[in-house]
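Peer 1: Okay, here's what each chain looks like letter by letter:
Number of protein chains: 2
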Amino acid sequence: MEKMKIIELKESILEDNDQDAEKLRKELEEKKVCLINLMSGPGSGKTTTLLALKKYFDHKIRWGVMEADIDSDVDAVRVQEAGVPSIQLHTGGMCHLDADMTRQGLNSFGRDDLDLIFLENIGNLVCPAEFDTGAAINMTILSVPEGDDKPVKYPLMYEVADILVVNKIDTLPVFDFDKEKMEKAVYARNPEMKIFYVSSLTGEGIAELADYLIERVKEVNA
Amino acid sequence: MEKMKIIELKESILEDNDQDAEKLRKELEEKKVCLINLMSGPGSGKTTTLLALKKYFDHKIRWGVMEADIDSDVDAVRVQEAGVPSIQLHTGGMCHLDADMTRQGLNSFGRDDLDLIFLENIGNLVCPAEFDTGAAINMTILSVPEGDDKPVKYPLMYEVADILVVNKIDTLPVFDFDKEKMEKAVYARNPEMKIFYVSSLTGEGIAELADYLIERVKEVNA
Numbered sequence: 001m002e003k004m005k006i007i008e009l010k011e012s013i014l015e016d017n018d019q020d021a022e023k024l025r026k027e028l029e030e031k032k033v034c035l036i037n038l039m040s041g042p043g044s045g046k047t048t049t050l051l052a053l054k055k056y057f058d059h060k061i062r063w064g065v066m067e068a069d070i071d072s073d074v075d076a077v078r079v080q081e082a083g084v085p086s087i088q089l090h091t092g093g094m095c096h097l098d099a100d101m102t103r104q105g106l107n108s109f110g111r112d113d114l115d116l117i118f119l120e121n122i123g124n125l126v127c128p129a130e131f132d133t134g135a136a137i138n139m140t141i142l143s144v145p146e147g148d149d150k151p152v153k154y155p156l157m158y159e160v161a162d163i164l165v166v167n168k169i170d171t172l173p174v175f176d177f178d179k180e181k182m183e184k185a186v187y188a189r190n191p192e193m194k195i196f197y198v199s200s201l202t203g204e205g206i207a208e209l210a211d212y213l214i215e216r217v218k219e220v221n222a
Numbered sequence: 001m002e003k004m005k006i007i008e009l010k011e012s013i014l015e016d017n018d019q020d021a022e023k024l025r026k027e028l029e030e031k032k033v034c035l036i037n038l039m040s041g042p043g044s045g046k047t048t049t050l051l052a053l054k055k056y057f058d059h060k061i062r063w064g065v066m067e068a069d070i071d072s073d074v075d076a077v078r079v080q081e082a083g084v085p086s087i088q089l090h091t092g093g094m095c096h097l098d099a100d101m102t103r104q105g106l107n108s109f110g111r112d113d114l115d116l117i118f119l120e121n122i123g124n125l126v127c128p129a130e131f132d133t134g135a136a137i138n139m140t141i142l143s144v145p146e147g148d149d150k151p152v153k154y155p156l157m158y159e160v161a162d163i164l165v166v167n168k169i170d171t172l173p174v175f176d177f178d179k180e181k182m183e184k185a186v187y188a189r190n191p192e193m194k195i196f197y198v199s200s201l202t203g204e205g206i207a208e209l210a211d212y213l214i215e216r217v218k219e220v221n222a
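Protein chains in written order, with my numbering: chain A, 1 to 222; chain B, 1 to 222.
Treat the hints with care, as some may be off.
Same chains, same label: a pair holds when it works inside one copy or across any pair of copies.
Unchecked claim - List time: in silico DSBU-like cross-link candidates among lysine-lysine, alpha-carbon distance up to 35 angstroms:
hint, residue 1, residue 2
1, K23, K181
2, K3, K184
3, K10, K184
4, K218, K194
5, K23, K179
6, K194, K23
7, K55, K181
8, K55, K184
9, K54, K184
10, K10, K181
11, K5, K179
12, K60, K26
13, K55, K194
14, K179, K54
15, K3, K179
16, K54, K3
17, K31, K60
18, K26, K194
19, K181, K5
20, K184, K5
21, K3, K181
22, K54, K181
23, K10, K31
24, K23, K10
25, K26, K54
26, K179, K55
27, K32, K181
By construction, these hints were calculated from the structure, which means they are not laboratory data.
Treat the numbers as computed from the prediction; the structure is a model and nothing was measured.
Construct the complete structure from the given sequences, taking the supplied hints into account.
Peer 2: Here it is in structure tokens:
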């Protein structure tokens, strides 16, 4: 197994992140690389969902993963061991990534040949929602055990996301999770949200999510 | 039901939060009010755990809760409806509380007659760990569905916490959670950590946690 590449990101000094993010989005558009910013609270199953998507992506699109963490490289190693090109980004304590940090990661990754790159953001429902990374698509995961009230408590995340993946639906019988209440709270903040129900453990719903993502990637790179 | 008191916190302008936190800690010591800063990721069960403790606290200590949220007042209403004195603090988008914001909350709450005040921090494993609130005790919750790797990924939280409550242990049969691996990662960062295993839903382990907290409150206020 190849040694995991770990990049220590430098804190950005740019003042206008929105402008920088717009610039990065255009650069990626020209390179036909679709960047998806994957956000969630800690332990919602970001890495497990990416690994579950693998068998549906293989031979259909070329893809890779940038794993952002404060410390450790456990996620990037898991992804690499599954045979997906990946790189570990360390934020040095920072609670989110912005466009400049994302660009540092992309430059180190050096994989302009990929159709799709996932940026797995820091597990945090607050700060990552505040910073545009330059991604074409924002995707967030809410796992059933976290509860149906998260869209009410962390509204910005549900405003900036294009896709909501409700994960761990195999545990719906164990937890008190009201899908209707959750959807109502989401659509009140974001009527355009595309919602998928999956279990990254059992694989339920993953094929549909994969099909949708492949179509979106083709649209973005067209 | 009395209307919920909602306080919009102002962002601090103080430069030295550590110094301010030390000052607040001394003030609370003199008033014999023990402040516990309760932190966790989103949906770990902070509010549910506080409500589970209630029957063991009643008639033994006088206590109340300050609920910090970005938006909404669902948690504070739940606590108030259970008959526990509470106040809702709104951070206006901020991802954590510092000592000055905590003092604003305490002043608005105006309950120096209580033995114990919980500050339920924003659901976030990153930023709250970086800011001393002036609390005598830092307590963090990790719920089983979040996974046993959280101490590796969010090390600072496990360094600053005095008490770790592992919640939702009734779901241990459903999730792949290695207690030994988790404890090893915690003790490597914090050999003094006091760990409790509870289910706030079934009540398992809550009596032991309550007994310990009551003893600690007495020590702090002695």
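Peer 1: Is the C-alpha distance from K54 to K3 at most 35 angstroms within one copy, between copies, in both cases, or in neither?
Peer 2: Within one copy only: 21 angstroms inside, 51 angstroms across.
Peer 1: Quick one: K55 to K194, C-alpha cut-off 35 angstroms, is that within a copy, between copies, both, or neither?
Peer 2: within (22 angstroms within a copy, 43 angstroms between copies)
Peer 1: With 35 angstroms as the alpha-carbon cut-off, assign the pair K32 and K181 to within, between, both or neither.
Peer 2: Answer is neither; intra-copy 38 angstroms and inter-copy 42 angstroms both fail.
Peer 1: Treating 35 angstroms as the Cα threshold, decide for K179 and K54: within, between, both or neither.
Peer 2: Both, since 27 angstroms and 29 angstroms are each at most 35 angstroms.
Peer 1: For K10 vs K31, is the C-alpha pair at or below 35 angstroms within one copy, between two copies, both, or neither?
Peer 2: The answer is within: 24 angstroms in one copy meets 35 angstroms, while 44 angstroms across copies does not.
Peer 1: Have a look at K23 and K181 and pick one of within, between, both or neither, based on CA distance no larger than 35 angstroms.
Peer 2: neither (38 angstroms within a copy, 44 angstroms between copies)
Peer 1: Using 35 angstroms as the alpha-carbon threshold, which applies to K3 and K184: within, between, both, or neither?
Peer 2: Cα proximity of K3 and K184: across copies only (25 angstroms, versus 46 angstroms in one copy).
Peer 1: Classify it for me, K184 with K5: is the Cα-Cα distance of at most 35 angstroms met within a copy, between copies, both or neither?
Peer 2: This pair counts as between: shortest inter-copy Cα distance 26 angstroms, intra-copy 42 angstroms.
Peer 1: Using 35 angstroms as the alpha carbon limit, work out where K55 and K181 are close: within a copy, between copies, both or neither.
Peer 2: Close inside one copy (33 angstroms) and across copies (30 angstroms); limit 35 angstroms.
Peer 1: I want to check one pair: K5 and K179. Are their C-alpha atoms no more than 35 angstroms apart within a copy, between two copies, both, or neither?
Peer 2: Only across copies: K5 and K179 sit 29 angstroms apart there, 40 angstroms inside one copy, limit 35 angstroms.
Peer 1: Reference check for the pair K26 and K54, CA-CA at most 35 angstroms: within, between, both, or neither?
Peer 2: Answer is within; shortest intra-copy Cα gap is 27 angstroms, inter-copy 55 angstroms.
Peer 1: Can you tell me if K179 and K55 fall within 35 angstroms by alpha carbon in one copy, between copies, both or neither?
Peer 2: both (28 angstroms within a copy, 31 angstroms between copies)
The structure does not agree with the numbered hints 1, 5 and 27 stated previously, though it agrees with the rest.
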